[in-house]
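Chains as they are written, first to last, in the numbering used here: chain A, 1 to 113; chain B, 1 to 114.
Just so you know, the hints here were simulated from the structure itself, not pulled from any lab data. Every residue, glycine too, gets a C-beta built ideally from N, C-alpha and C.
Below, in silico cross-link-like pairs of lysine-lysine (DSSO-like), each with a Cα-Cα straight-line distance of 27 angstroms or less:
(1) Lys-59(A) to Lys-40(B)
(2) Lys-22(B) to Lys-53(B)
(3) Lys-100(A) to Lys-63(A)
(4) Lys-18(B) to Lys-42(A)
(5) Lys-69(A) to Lys-102(B)
(6) Lys-57(A) to Lys-102(B)
(7) Lys-69(A) to Lys-57(A)
(8) Lys-59(A) to Lys-41(B)
(9) Lys-22(B) to Lys-100(A)
Which bits of chain A does chain B cover? Going by a derived footprint, with three or more residues having C-beta under 8 angstroms, they are:
(10) 43 to 49
(11) 99 to 112
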Amino acid sequence: EDQVTQSPEALRLQEGESSSLNCSYTVSGLRGLFWYRQDPGKGPEFLFTLYSAGEEKEKERLKATLTKKESFLHITAPKPEDSATYLCAVQAGGSSNTGKLIFGQGTTLQVKP
Amino acid sequence: DTEVTQTPKHLVMGMTNKKSLKCEQHMGHRAMYWYKQKAKKPPELMFVYSYEKLSINESVPSRFSPECPNSSLLNLHLHALQPEDSALYLCASSLGQGVSEKLFFGSGTQLSVL
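Generate coordinates for the entire structure from the input sequences, incorporating the hints supplied.
So this is what it looks like as structure tokens:
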């Protein structure tokens, strides 16, 4: 069964304290791995798509990496405005899965000033 | 315009009411989605429309009825809902229902069923 697991569930950091969020996945034929940010009461906001092992993408203080079994979202010198829930999602292979995203449970990040 | 607009933002309804959620995008996207999200849980896919035709129904109860009048609009008609249907309902769109298409989400409708 296709599955996505994120850890930790919650993470508290001091401003400037770098860390990483983990997304482990088990899918039959990965088509794409997505990272989203979600603020309370809002819809998810797209951050990155990764397609193959070894791929990396960066945006401001965020860097996403991908291996054959997991993805990391590295946050460098975070600021309070980075506080949000970060969702990982994958699209599995197979024609019946086109358009379907399997989401992990999310990591809620709190950055204190 | 890179926005997906959902109305209303909040909705309270009784179990005998009929209401509709609306979603609109003007990005020229041809795939539109309804997701349901309970508190502290990830979004769950309900329906996918591709080129105005229903392509995926994730075994959603018939008290939820989707409609796609044109390529820019998506509705979700609600009837005889249960309290456990209370959730954040998210609309999303993508360029197409293709492989690895990134989704643009609206801010959602927070629904409470009394």
